[in-house]
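Spelled out, the chains give:
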Amino acid sequence: MPDHYKIAVVGSGPAGLSAAAHAAKLGVSHVLLEKTDHASDTIYKYQKGKLVMATPDVLPLRSDFTFERGNREGILDAWNQGLDALKVNIRYNAEVTAIKGQKGAFEITLRDKSVVTAEAVVLGIGLQGNLNKLPMPGAEQPHVQYQLDDPDEYEGEHIIVVGAGDAAIENAVALSKQNTVAIINRSAEFARAKQGNIDLILAAIEKKQVECYYSAAPLKVNAKTMVLKTADGEAEVPADRIIARLGATAPRKFVESTGIAFPSPDPKSLPEVSATYESNVPGMYIVGALAGCPLIKQAMNQGWEVIEYIEGRRPDPADEPLLRERFKGLGDVSVSDVLATIRANVPIFAELNALMLRELMIDSTIHRLNPGDIVFKKNDYTNTFFTIVEGEVGIQINPADPNQLVALKQGEFFGEMGLISGRRRTATVVAKSACILIETQRRSMIKLIKSDASVKRVMDQTAIIRQIQTHLAPHVPKEQLVDVVSTATIESFSAGDTLFNQGEKGDSVHLIRNGSVTISRRIGGRDTVLSYVPSGNYVGEMALLSDLPRSATVKAAVETETIKIDGAAFKLLLQRAPTLKTEIEETFRERVKQNEMMEGRPDAGGIIQFLVEQGIGEGTDVLLIDESLCVRCDNCEKACAETHHGISRLDREAGPTFDSIHVPTSCRHCEHPHCMADCPPDAIHRAPNGEVFIEDSCIGCGNCTRNCPYGVIQLAVQPEPKPGLFQWLFFGMGFGPGEDMSQRHVPHPGKAKHAVKCDMCKDIEGGASCVRACPTGAAIRVSPAEFMSLATLAR
Amino acid sequence: MLVYRNFRYFKWAALLVLASVIAYWLHQPFAGVPNGGTWLGYVLGTIGAGIIFWLTYLGIRKRRYGIHREGAGKDKRKDGIKLEDWVSAHIYFGLSLIIVATLHTGFQFGWNLHTLAYALMIIVIVSGIFGVYAYIRYPQLMTENRRGLTLNNMLAQVADLDKEMRGITMSMGENINAAVLRAAQETRVGGSFGRMLAGQDASCPTTAARVLVEQVAHQPHDDEAALRRLLSLLVRKEELLRRARRDVQFSALMQIWLFVHVPLSFGLLAALTAHIVSVFFYW
Ligand SMILES: Cc1cc2nc3c(=O)[nH]c(=O)nc-3n(C[C@H](O)[C@H](O)[C@H](O)COP(=O)(O)OP(=O)(O)OC[C@H]3O[C@@H](n4cnc5c(N)ncnc54)[C@H](O)[C@@H]3O)c2cc1C
Ligand code: HEM
Ligand code: HEM
Ligand code: SF4
Ligand code: SF4
Numbered sequence: 001m002p003d004h005y006k007i008a009v010v011g012s013g014p015a016g017l018s019a020a021a022h023a024a025k026l027g028v029s030h031v032l033l034e035k036t037d038h039a040s041d042t043i044y045k046y047q048k049g050k051l052v053m054a055t056p057d058v059l060p061l062r063s064d065f066t067f068e069r070g071n072r073e074g075i076l077d078a079w080n081q082g083l084d085a086l087k088v089n090i091r092y093n094a095e096v097t098a099i100k101g102q103k104g105a106f107e108i109t110l111r112d113k114s115v116v117t118a119e120a121v122v123l124g125i126g127l128q129g130n131l132n133k134l135p136m137p138g139a140e141q142p143h144v145q146y147q148l149d150d151p152d153e154y155e156g157e158h159i160i161v162v163g164a165g166d167a168a169i170e171n172a173v174a175l176s177k178q179n180t181v182a183i184i185n186r187s188a189e190f191a192r193a194k195q196g197n198i199d200l201i202l203a204a205i206e207k208k209q210v211e212c213y214y215s216a217a218p219l220k221v222n223a224k225t226m227v228l229k230t231a232d233g234e235a236e237v238p239a240d241r242i243i244a245r246l247g248a249t250a251p252r253k254f255v256e257s258t259g260i261a262f263p264s265p266d267p268k269s270l271p272e273v274s275a276t277y278e279s280n281v282p283g284m285y286i287v288g289a290l291a292g293c294p295l296i297k298q299a300m301n302q303g304w305e306v307i308e309y310i311e312g313r314r315p316d317p318a319d320e321p322l323l324r325e326r327f328k329g330l331g332d333v334s335v336s337d338v339l340a341t342i343r344a345n346v347p348i349f350a351e352l353n354a355l356m357l358r359e360l361m362i363d364s365t366i367h368r369l370n371p372g373d374i375v376f377k378k379n380d381y382t383n384t385f386f387t388i389v390e391g392e393v394g395i396q397i398n399p400a401d402p403n404q405l406v407a408l409k410q411g412e413f414f415g416e417m418g419l420i421s422g423r424r425r426t427a428t429v430v431a432k433s434a435c436i437l438i439e440t441q442r443r444s445m446i447k448l449i450k451s452d453a454s455v456k457r458v459m460d461q462t463a464i465i466r467q468i469q470t471h472l473a474p475h476v477p478k479e480q481l482v483d484v485v486s487t488a489t490i491e492s493f494s495a496g497d498t499l500f501n502q503g504e505k506g507d508s509v510h511l512i513r514n515g516s517v518t519i520s521r522r523i524g525g526r527d528t529v530l531s532y533v534p535s536g537n538y539v540g541e542m543a544l545l546s547d548l549p550r551s552a553t554v555k556a557a558v559e560t561e562t563i564k565i566d567g568a569a570f571k572l573l574l575q576r577a578p579t580l581k582t583e584i585e586e587t588f589r590e591r592v593k594q595n596e597m598m599e600g601r602p603d604a605g606g607i608i609q610f611l612v613e614q615g616i617g618e619g620t621d622v623l624l625i626d627e628s629l630c631v632r633c634d635n636c637e638k639a640c641a642e643t644h645h646g647i648s649r650l651d652r653e654a655g656p657t658f659d660s661i662h663v664p665t666s667c668r669h670c671e672h673p674h675c676m677a678d679c680p681p682d683a684i685h686r687a688p689n690g691e692v693f694i695e696d697s698c699i700g701c702g703n704c705t706r707n708c709p710y711g712v713i714q715l716a717v718q719p720e721p722k723p724g725l726f727q728w729l730f731f732g733m734g735f736g737p738g739e740d741m742s743q744r745h746v747p748h749p750g751k752a753k754h755a756v757k758c759d760m761c762k763d764i765e766g767g768a769s770c771v772r773a774c775p776t777g778a779a780i781r782v783s784p785a786e787f788m789s790l791a792t793l794a795r
Numbered sequence: 001m002l003v004y005r006n007f008r009y010f011k012w013a014a015l016l017v018l019a020s021v022i023a024y025w026l027h028q029p030f031a032g033v034p035n036g037g038t039w040l041g042y043v044l045g046t047i048g049a050g051i052i053f054w055l056t057y058l059g060i061r062k063r064r065y066g067i068h069r070e071g072a073g074k075d076k077r078k079d080g081i082k083l084e085d086w087v088s089a090h091i092y093f094g095l096s097l098i099i100v101a102t103l104h105t106g107f108q109f110g111w112n113l114h115t116l117a118y119a120l121m122i123i124v125i126v127s128g129i130f131g132v133y134a135y136i137r138y139p140q141l142m143t144e145n146r147r148g149l150t151l152n153n154m155l156a157q158v159a160d161l162d163k164e165m166r167g168i169t170m171s172m173g174e175n176i177n178a179a180v181l182r183a184a185q186e187t188r189v190g191g192s193f194g195r196m197l198a199g200q201d202a203s204c205p206t207t208a209a210r211v212l213v214e215q216v217a218h219q220p221h222d223d224e225a226a227l228r229r230l231l232s233l234l235v236r237k238e239e240l241l242r243r244a245r246r247d248v249q250f251s252a253l254m255q256i257w258l259f260v261h262v263p264l265s266f267g268l269l270a271a272l273t274a275h276i277v278s279v280f281f282y283w
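As you go down the protein sequences, you meet chains S and A in turn.
Under the working numbering, the first sequence has 493 at position 493, and the numbering climbs by one with no breaks.
Under the working numbering, the second sequence has 77 at position 77, and the numbering climbs by one with no breaks.
No wet-lab data here; the hints were simulated from the structure.
Treat the hints with care, as some may be off.
Said to hold, decoys possible - Simulated DEER-style distance windows between Cβ atoms: (1) D507(S) - I136(A): 52 to 62 Å; (2) H143(S) - K163(A): 22 to 32 Å; (3) I60(A) - P267(S): 51 to 61 Å; (4) D150(S) - E224(A): 49 to 59 Å; (5) D678(S) - I60(A): 38 to 48 Å; (6) G148(A) - A250(S): 32 to 42 Å; (7) V262(A) - V58(S): 48 to 58 Å; (8) I523(S) - I98(A): 46 to 56 Å.
Claimed, not checked - In silico lysine-lysine, DSSO-like type, Cα no more than 27 Å apart, as pairs: (9) K87(S) - K45(S); (10) K163(A) - K207(S); (11) K229(S) - K163(A); (12) K208(S) - K163(A).
Even glycine gets a Cβ: it sits at the ideal position worked out from N, Cα and C.
Only chain S is shown next, with the shape it has when bound in the complex (with noise of 0.2 Å):
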């Protein structure tokens, strides 16, 4: 006979350890099954010492646990405690390999083949997943660990890293300052690495920091030595210690196969789950990460309150003094009629589940206008939604004249222009009448379209129309366009992907949504770049005129969204409207005129092939050094250590060099910041003007850092502030104007960790400190579709 329990927990991190003291301290059957030999594994491997963050700090915590704003051990050690205390029924090593059953019957199976039945289970095992081992004989010695952390802990050992990605490049890279390093590579080049992490490892092989074995493998652990196999037969390399950096498997593979269901492909996406946290199976719950909840205090709430909803009760949600706080604007109404009216006026909102409408509104803003009162303004840099609860809003379609409006009724939204290009807003958007408005951040929104492809859908649909009549037909009426909009389709292309071929026949036009492309002609044999189109520009319409073959090859300069619109009804349009037509054929005669130009000028071309290679052409406000200029005296980075904390987030002398433009290591401020994806406290945001900067509340993960393909993200301890300019110079103390105080080598026990990167001066008088303190004006700051217009380049 099985061990039989009420509810078994899967997972002893955060969530799955709060629903299961929960459990204990209500007297419910239950047992907590934890892979490892410890609690709470994610939290285990922070680093030692890590200050971890109890954010939000509004939200009040719930559970028989106790969890505050400390540092990793005192965490552990607390809940070591409540275990015992609340004598919670936890088995260790005890990994779940399998569920089966149905609600009231499921049948769990461990690692170990035996078997656990239980009524309810609760899935808390996070998104860390399953790391990667070694399987070679040996691999279970302590000298062979799967992660690192702190480089520094390490001094005069032998250490091999094995694995070519990020993380042991990283690894590699650090631990090769104090100790003898090699990496083992299983193929014959880096290529699975960010391009700057590769950059460094190529470095670091050349100067003999680190030695690399090419397409090795690793064969044998003995106590002070790994045997490989190489290309030239078996080799012994001396090693004291071994990281192997294989990677990890997500959990998806095992969830689905419990029979729980992910709403797309998209390897982000994670399991719908309603309101009571229960999964599309019966009787299966999902709490904490896994559930699209990335914060400590939110998955312990979370843990608690599946528990009560298990046994039929139904708390308030802790959330609801948030939602209290954000609806204060709205006078004295309760948060369940709030979100009634939401439900009632915004279709596109309509259809979420209480949690998600819920999560949703904490990351909003209730906005109260009066009429007249401005929502945006053109080419303000934001990128939140808007929708309309009460009220009317009218979009500026002329800026020469305020007052002509395009009025959005209650239930409409708008902004979606600006999410999905990322770039400026293209119109002021002002109050019409009263209105009420809800503001709601990029990230869930963007986290609202991968989950929910109806929300997609309808956005997409109306996002095509205005986008249509933005870029390509902004004199045309609606009812003109129809032809036009329903045959168009939007298209995805990665970075490289070639839209279409010089000599193909045209038969459609593309209208880039967002991203860029390149435009080039074969001359002499080479491809050589004519232009760079950024986003909000058709590209497609000289075939179509001119009904010849297509004159020039359209490339993807980053991952690009086109509108592709079909040629028949884009000529039928032309023949309707005549006004529009001139315009259009306008704008041919131009583009042929300027490539004519750039055939001319293969070295402009260049200077656009070499600055789309480096990844320019998703930046949007890029620091560009004229190395013809430049008389190397770095104080473009001691000003942006000065006026940041002492923490330089340049790099000036890092980075490629075409002709004499030097692309120096810092922050693009891209138009889909990288950087962005997975940070839990949704800490780095755009600013009105365009800078992507981290908040405080960041929690030091180190999410972003990984996530930004340039490298321009530092974690680092924030240090103490200097003395004035005087006190240095006549009395010699402490720092000096400029100097570097990242200490990036310096363990700091104990002290948060935060990152740090360019945040464009924000908040310096004057601008961009960089630009302004450079004697000699090599340093500028440019938007890449300005500097790579032919105006500038033909300088």
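Chain S is fixed; fit chain A with the ligands onto it per the hints.
Then chain A with the ligands, alone, in the frame of chain S:
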């Protein structure tokens, strides 16, 4: 830097010079030999001293990087004053001193404190002119010389070559072995000021080793292949060293003049203060 903002500061400085010259010319008939003692002398002297203090203030301004205020940098359209403005103005007003101060002296020089101040000023100005030349000429040369490598890259490649060469010379004659070893251990890039500025090393042990290997290669010998390989490695190292030394030279040239310019600026400030004080004293 020079053409900055369409010669805006050049125009202002030129205006100042023009005004001084005209005033001087107009003034001459009345006062015989105008110098610091006349009213025009006072005006020009005060302007000159003002400019000098202001020029020296660049040293502080350069290290004053920005004022932190929530949301202060928001209005990107309102460009702040850049250091480039300061440097551009610094150059033109610095040059204007040649005229302004000279007119102030009324061409009366002697072995005295006043002329010391004047002489210091001229040296500072001349070093400044060299600085501008360096800033205009060397960055481009440096980029071309580097061809995408940093100085550290070059030195790392040199170290690799050394390692490889020592592997080859193990089996060779004692004299070659010793020369290559010396080339590896005693080759220097940079070091003293002289070496940095020279941009080359006449007694470079690597060159010596190459010459020796070339000589050996001319005589009959057994290990043709290894010798040829060694020679090519030495030539490559020499080439890398040449570039590395040039890189160091350029950096040095772009900085060296500041070592004259800045201390003498402070000397000038002192002498000038003394000059002004003494003038009031003997009045
Ligand atoms: C470096 C870093 C720093 C962070 N800092 C903070 C911070 O300061 N503040 C904050 O609020 N959040 C922070 N976070 C986020 C926080 O760690 C997560 O939100 C939280 O751990 C999620 O909890 P969870 O219970 O959902 O899952 P997890 O904590 O991931 O726990 C999952 C548990 O399930 C176990 N498990 C997995 N699979 C199985 C299986 N098949 N069978 C049995 N057991 C299994 C695992 O061993 C693990 O113990 C940070 C994250 C990282 C990576
Ligand atoms: C506030 C600023 C200044 C004042 C009040 C001032 C005043 C004077 C006076 C009164 C004289 C005449 C002295 C005499 O006739 O013996 C003089 C001469 C002179 N000044 Fe100045 N001066 C000033 C700034 C300068 C500056 C900036 C320089 C150049 C660096 C300078 C260099 C000279 C020289 C070389 C002479 C000629 C000395 C001589 O006659 O032998 N002065 N100054
Ligand atoms: C009497 C006149 C001058 C004085 C007192 C003076 C003083 C100074 C000082 C104090 C600095 C700061 C250096 C530092 O802190 O790094 C400086 C920099 C400089 N000066 Fe002058 N200067 C004078 C004239 C000139 C002239 C005539 C020129 C050019 C023709 C010139 C060109 C420069 C340049 C190019 C810099 C470097 C700016 C930088 O790298 O930031 N100066 N000067
Ligand atoms: S940090 Fe990286 S990903 Fe984020 S905006 Fe800057 S360059 Fe882009
Ligand atoms: S380290 Fe980066 S991803 Fe993590 S919380 Fe801070 S800003 Fe967000």
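How the hints compare with the structure:
As the Cβ distance of D507(S) to I136(A) is approximately 54 Å, the hint placing it in 52 to 62 Å holds. Separation of H143(S) from K163(A) is about 30 Å and conforms to the stated range, judged on CB atoms against 22 to 32 Å. A C-beta distance of roughly 54 Å is found between I60(A) and P267(S), which places it inside the suggested range of 51 to 61 Å. Restraint check, D150(S) to E224(A): a C-beta distance of roughly 54 Å satisfies the suggested window 49 to 59 Å.
Between D678(S) and I60(A), the C-beta spacing of about 44 Å keeps the proposed range 38 to 48 Å intact. At roughly 39 Å, the beta carbons of G148(A) and A250(S) sit within the given window of 32 to 42 Å. Between V262(A) and V58(S) the CB atoms are about 54 Å apart, so this pair conforms to the stated range of 48 to 58 Å. A C-beta distance of roughly 53 Å is found between I523(S) and I98(A), which places it inside the suggested range of 46 to 56 Å.
Taken as a hint, the K87(S) and K45(S) pair is honoured in the structure, with Cα atoms around 24 Å apart against an allowance of 27 Å. Annotation: proposed proximity of K163(A) to K207(S) holds, straight-line Cα distance about 12 Å (limit 27 Å). Proposed proximity of K229(S) and K163(A) is supported: the alpha carbons are some 26 Å apart, at most 27 Å. For the proposed pair K208(S) and K163(A), the alpha carbon gap of about 11 Å is at most 27 Å, so the pair holds.
Of the hints listed earlier, there is not a single one the structure fails to meet.
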